[in-house]
Each structure stands twice: as structure tokens, then as C-alpha cells.
Amino acid sequence: QKEVEQNSGPLSVPEGAIASLNCTYSDRGSQSFFWYRQYSGKSPELIMSIYSNGDKEDGRFTAQLNKASQYVSLLIRDSQPSDSATYLCAVNRGSGTYKYIFGTGTRLKVLA
Amino acid sequence: DAGVIQSPRHEVTEMGQEVTLRCKPISGHNSLFWYRQTMMRGLELLIYFNNNVPIDDSGMPEDRFSAKMPNASFSTLKIQPSEPRDSAVYFCASSLSEGTDTQYFGPGTRLTVL
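Residue numbers (my numbering), protein chains in the order written: chain A, 1 to 112; chain B, 1 to 114.
Hints should not be assumed to be uniformly reliable.
[As the list claims (entries may be wrong)] The calculated label-pair distances, taken between Cβ atoms and stated as ranges, are:
no., chain 1, residue 1, chain 2, residue 2, range
1, A, D55, B, D63, 38 to 48 Å
2, A, P14, B, T112, 32 to 42 Å
3, B, V53, A, S12, 37 to 47 Å
4, B, D57, A, P10, 29 to 39 Å
Hint data in this document are derived by calculation from the structure and do not stem from the laboratory.
Glycine residues also receive a C-beta, built at the ideal position from the N, C-alpha and C atoms.
All chains, please: the whole structure from these sequences, using the hints.
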């Protein structure tokens, strides 16, 4: 079992729809969770971080965390073609370590 | 403020040659990370430093890989000798070591070993 798992996609959604990206992790002791966006040929850029169970909203993005189910998701409302990218889930084990474990990413395609 | 700077952006070399990748973290950041990204394996952490000291190098694939951070503003990742399977994009990232753990990535070095 991979430490951080994501469906590779591609996930195709029409413009204006909600895109839902999912991530599961294996280490119950994980403390911090991150979503990075990576455009083709570019470096990853942080879009959301979440540390507590529940929802965290930032503009069109909502991150959801459920530690009991070891599950973190990212919702993108009103999806735009410019949201087409690969979305990487990253998990930090905490306890003073800055070691992130990344999933392999989900490729999102927003169709105009 | 300049972000993380990496050089070179592209490197093409022949098998057996030495390759040195360079990174300048964001000023004031105390933690520095080297990652390798391939289609098959995704983004893998190779090594990270805190206050110039290597903390975790468990991701370094083998003795052919070495990394140094001689001061707070410079780090190198060296591969000697290089092999075709080392072909990948190598990213450097930095973060403030206290108060936040957000990592900021450099543009990456695309390495091709022929």
C-alpha cells in the first residue's frame, strides 16, 4: 500500500462544475495535509493546507479532512479551464519533521 | 522577493558523467529539500536540510547521489556517475523551519542522461 494514494485520472469536468479530488493516506499519525497544483512543465505550487478535521474554504477551493477515515479531499467550485493541471496531495507526519510524502497526483481537465 | 532559484534549468549528459545541480533557497528560509519527479514514481523526497544540516537522507537512492549545503543560501545535489535511470526533473524547495511548514518549490532542473 502506498503511503499517499490518489487516482491518477484524468478527471474531466465541464466548465462551471464542481471538481472533486480525493486522497487517502496510510499513516494515522499524520498531522498536516496539503494540496499542490502543478501545471505541465512547471513546479508544484501550494493552494491549500489543512490541519484539523472538517472543511477549510479559500475562494473557490475547499479542503476536507477526515482523520478517522484517513481521507483528505479538494473541491474546486465553478471549475475553469485554467484549473486544468495535476493536483498533488501531500502529507506531513508531524512530530517536528518536515518530511512530506506526496501522492502521484490526479490530472484534472476542465472542458470549455 | 526572489523565489527558489535552481540551475541549470536543463542538463543533458552522457552516462558516467558527473552532474551537479544547484539551488538557492528563499532568503530567511532554514529548511531545504531536494525532490526527484518522474512519471512512474511521482515526486520523491531525496534529502532535506535544516539549518544547513542534513536531517533525513533516506530517500537518496544510492551512493552515487550526494548533497551538500555549505551555507544558508546554497545547496548542491551531485550524481556521480550518472546513469540513464537518473533522468528526471529535480526540484529544490525551501521553507521556514518554525511557525510554518509550507514548502516553496524552485522551477526544477530537467536532467537527461543518455
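task = Could you tell me which of the numbered hints above are not met by this structure, giving the numbers in increasing order?
result = Per hint list: zero violations.
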